[in-house]
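J.: This is what each chain is made of:
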Amino acid sequence: MQPAADTKVTANSLEIRGISKAFGRFPALKDVSLQARDKEFLALLGPSGSGKTTLLRVLAGLEQPDSGEVRFDDEDFLALPVRARRVGMVFQHYALFRHMTVAQNIAFGLKVRPRSERPAKSEIADRVADLLSLVQLEGLEKRFPSQLSGGQRQRVALARALAIEPRMLLLDEPFGALDAQVRRDLRRWLRELHDRAGVTTVFVTHDQEEALDLADRVAILRDGQLVQLGAPNELYEAPADPFVYDFLGAACRLPGEVSGGRLKVAGGWETRAPAGSPEGRVEVFFRPDEVSFAVPEGQGLAAEVRTASIRGPKTRIECVVSGVHMELEALGGAAPEGVAPGQTVHVRPTRPKVYAAEA
Amino acid sequence: MSRLAPGVRLPGVAPLLLVASTVVMAVLVVLPLGVVFHDAFAKGVGQFVEALKQPDAVAAVKLTLWVAAISVPLNALFGLAAAWAITKFDFRGKTVLLTLIDLPFSISPVVSGLVWVLLFGAQGWFGEWLIDHDVRIIFALPGLVLATILVTFPFVARELIPLMQDQGVDEEAAALTLGASGFTTFWKITLPNIRWALLYGVLLCNARAMGEFGAVSVVSGHIRGETTTLPLHVEVLYNDYDFVGAFAAASILASLGLVTLVLKTALEWRHSGELAASRRH
Chain A
1 MQPAADTKVT
11 ANSLEIRGIS
21 KAFGRFPALK
31 DVSLQARDKE
41 FLALLGPSGS
51 GKTTLLRVLA
61 GLEQPDSGEV
71 RFDDEDFLAL
81 PVRARRVGMV
91 FQHYALFRHM
101 TVAQNIAFGL
111 KVRPRSERPA
121 KSEIADRVAD
131 LLSLVQLEGL
141 EKRFPSQLSG
151 GQRQRVALAR
161 ALAIEPRMLL
171 LDEPFGALDA
181 QVRRDLRRWL
191 RELHDRAGVT
201 TVFVTHDQEE
211 ALDLADRVAI
221 LRDGQLVQLG
231 APNELYEAPA
241 DPFVYDFLGA
251 ACRLPGEVSG
261 GRLKVAGGWE
271 TRAPAGSPEG
281 RVEVFFRPDE
291 VSFAVPEGQG
301 LAAEVRTASI
311 RGPKTRIECV
321 VSGVHMELEA
331 LGGAAPEGVA
341 PGQTVHVRPT
351 RPKVYAAEA
Chain B
360 MSRLAPGVRL
370 PGVAPLLLVA
380 STVVMAVLVV
390 LPLGVVFHDA
400 FAKGVGQFVE
410 ALKQPDAVAA
420 VKLTLWVAAI
430 SVPLNALFGL
440 AAAWAITKFD
450 FRGKTVLLTL
460 IDLPFSISPV
470 VSGLVWVLLF
480 GAQGWFGEWL
490 IDHDVRIIFA
500 LPGLVLATIL
510 VTFPFVAREL
520 IPLMQDQGVD
530 EEAAALTLGA
540 SGFTTFWKIT
550 LPNIRWALLY
560 GVLLCNARAM
570 GEFGAVSVVS
580 GHIRGETTTL
590 PLHVEVLYND
600 YDFVGAFAAA
610 SILASLGLVT
620 LVLKTALEWR
630 HSGELAASRR
640 H
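From first to last, the protein sequence lines stand for chains A and B.
Read in order, the letters of the first sequence are residues 1 to 359 in this note's numbering.
Read in order, the letters of the second sequence are residues 360 to 640 in this note's numbering.
Hints were generated in silico from the structure; no laboratory data involved.
There may be inaccurate statements among the hints.
[Claimed, not checked] Distance windows between CB atoms, simulated:
id	chain 1	residue 1	chain 2	residue 2	range
1	A	Ala177	B	Gly452	31 to 39 angstroms
2	B	Thr624	A	Gly312	53 to 61 angstroms
3	B	Ala481	A	Pro27	17 to 25 angstroms
[Claimed, not checked] Derived lysine-lysine pairs resembling DSSO-like cross-links, with alpha carbons at most 30 angstroms apart:
id	chain 1	residue 1	chain 2	residue 2
4	A	Lys121	B	Lys547
5	A	Lys121	A	Lys142
6	B	Lys412	B	Lys402
7	B	Lys547	B	Lys623
8	B	Lys421	A	Lys111
9	A	Lys30	B	Lys453
10	A	Lys111	A	Lys39
11	B	Lys547	B	Lys412
12	B	Lys623	B	Lys421
13	B	Lys421	B	Lys547
14	A	Lys111	A	Lys121
15	A	Lys142	B	Lys547
16	A	Lys30	B	Lys447
17	B	Lys402	B	Lys421
18	B	Lys402	B	Lys547
19	B	Lys447	A	Lys111
20	A	Lys142	A	Lys111
By construction, the Cβ of each residue, glycine as well, lies at the ideal position given by its N, Cα and C atoms.
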């Protein structure tokens, strides 16, 4: 997890207010408002169809919203055409210019500047060389995109976007097309790059782990609406609703009831209701690994164990609690005492979250 | 052309099919083509050269070149514009435009010629006005060009559209975000990505433009030495029983076909990845 964004109040550099956008009858964005602070690394997280890519394309100027406002450094961004916004965009499939070499790709943004602003040839060459070393692709400048691996293409796309010294960096599923190992390496590297470049970055992902791991703050979108915006830790600790809870990681859920400050959970467990719990019928959520085992009978959920399998430091326990099938996780190389198929154990969620049950 | 499918063997059947298709090709293509050249040289090289030196023959060649030189670049431009609009932008009536582009493929070339006569002929809609202002379209070069353009319109567009659809708009979008103008984006990104396909389309368009018979026949009026293109010239001579002349002129057309074939094959071989045709054919 990232160190929390610096506590001193920094100015918002990006202000998105009430953006709506529909494609035909399909509403892609519904009244989305959010802000990014200066030099912040902001993730737009959501399942496919949540509108996150559309929002990114609105920021780039590749889509015009039906209504709403985007301000960047107090400038009306929507009034600027794409080319005047100076945003570095990395596309999901990189969109490298296939007929140009790596060096030509990176130099493109500088070469197309009007003559009066265009750097000298030698300057462009120097800048390309700098960027190549920044993205660790020295020696590949003469290659064509088709001769590069996925990870290399991604870094070329990033170098090309950085070449124009963008005011804001936009990344659309930057790791979407890469395999798991390359993803992890590039993730760290991208975060370092962002910190060094010191530019406000917005990136789109559907991978919650990626978002929580990389971003200063995460905006969670669903069906074109912003559900929650916060630091990864805030989101993980206090998900705004069951959707966010579910989306941020594996979840076990059980029906329950809150009355008079007491929480009764199906499966025969009663405890003090967490602060802020709604009264009445509720849904109780907990993470599979936030469970303590070997609780005395009557003080936890009765779980009938179906299977218990040990995987390295984790034991995975499939069980049924009050008719609900769930998987729990116990740390430690061996199954907790008494956990064996066919047995009934008592388990207690250590940090349950309670949401009002949907009608 | 398409590569051999790996690992599929049909013992016995495949060689049989191969022999059968070779025989059919020989009878239907190679033999007639051989006859053209054979008859062209039937009375010796001297006669052949003499036939081509006839003023009418020279005029026909020149006219054909003119028609192609005007209609092919225009169609390259129209085709490019149409393909660009269809593949890079969303607008209403896209399917209608696509259908219109294909129309010349599905209607008889004679009709493609006739429409111009109906419009610009002496009895046509604009006929009177044209006569009053002494503008000649039908039975003149403009009519031949119009007919040729209509018939050959789909070649470039049809070649470009599948390729450009395949390539999508991401590269253009990237160029825009990097600060390129629309024109620069077209010139430096779109055009280089489709250059071989464009050339391929132009090649096919040119072959058809020079070889077109039906449509130009309607608008030509067959004025010898003035409005007879090479294919029409062949017909005129043949009807006059001037076989050497007819076949000599036909041999030029046949050679043009062979050159086109060689260039086309070379393009397909070198740049198959950048041609929509290699996937379609």
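J.: Against this structure, judge whether each hint is valid.
T.: Against the structure, the hints come out as follows:
Distance hint for Ala177 (chain A) and Gly452 (chain B): a CB-CB separation of about 35 angstroms, consistent with the stated range 31 to 39 angstroms. For Thr624 (chain B) and Gly312 (chain A), the Cβ-Cβ distance of about 60 angstroms falls inside the hinted range of 53 to 61 angstroms, so the restraint holds. Our hint of 17 to 25 angstroms for Ala481 (chain B) and Pro27 (chain A) is violated, since their Cβ atoms are close to 60 angstroms apart. Restraint check for Lys121 (chain A) and Lys547 (chain B): the C-alpha separation of about 18 angstroms stays at or below 30 angstroms, so the hint holds.
As the CA atoms of Lys121 (chain A) and Lys142 (chain A) are separated by approximately 17 angstroms, the hinted pair is consistent with the 30 angstroms bound. Pair hint Lys412 (chain B) plus Lys402 (chain B) holds up; C-alpha atoms about 15 angstroms apart against a cutoff of 30 angstroms. A C-alpha spacing of about 25 angstroms is found between Lys547 (chain B) and Lys623 (chain B), which places the hinted pair at or below 30 angstroms, so the restraint holds. Distance check on the hinted pair: Lys421 (chain B) and Lys111 (chain A) sit about 44 angstroms apart at the alpha-carbon level, beyond 30 angstroms; violated.
The suggested pairing of Lys30 (chain A) with Lys453 (chain B) holds, with an alpha-carbon distance near 29 angstroms, which does not exceed 30 angstroms. With a C-alpha separation of about 27 angstroms, the suggested pairing of Lys111 (chain A) with Lys39 (chain A) holds against the 30 angstroms cut-off. Distance check on the hinted pair: Lys547 (chain B) and Lys412 (chain B) sit about 45 angstroms apart at the alpha-carbon level, beyond 30 angstroms; violated. Of the supplied pair hints, the one linking Lys623 (chain B) and Lys421 (chain B) holds, its CA atoms being roughly 24 angstroms apart against a limit of 30 angstroms.
As the CA atoms of Lys421 (chain B) and Lys547 (chain B) are separated by approximately 35 angstroms, the hinted pair breaks the 30 angstroms bound. Straight-line distance between C-alpha atoms of Lys111 (chain A) and Lys121 (chain A) comes to about 9 angstroms, which keeps the hinted pair within the 30 angstroms bound. Taking the CA atoms of Lys142 (chain A) and Lys547 (chain B), the gap is about 18 angstroms. The hint holds against a cut of 30 angstroms. With a C-alpha separation of about 27 angstroms, the suggested pairing of Lys30 (chain A) with Lys447 (chain B) holds against the 30 angstroms cut-off.
Using a Cα cut-off of 30 angstroms, the hinted pair Lys402 (chain B) and Lys421 (chain B) holds, with the two alpha carbons roughly 25 angstroms apart. Between Lys402 (chain B) and Lys547 (chain B), the direct Cα distance comes to roughly 54 angstroms. Violation of the 30 angstroms bound is thereby established for this hinted pair. In summary, the hint linking Lys447 (chain B) to Lys111 (chain A) is supported, as the alpha carbons are separated by about 24 angstroms, within the 30 angstroms threshold. A hinted pair counts as satisfied when its Cα atoms are at most 30 angstroms apart, and Lys142 (chain A) with Lys111 (chain A) qualifies at roughly 17 angstroms.
Hint compliance for this structure: hints 3, 8, 11, 13 and 18 are not met, and every other hint is.
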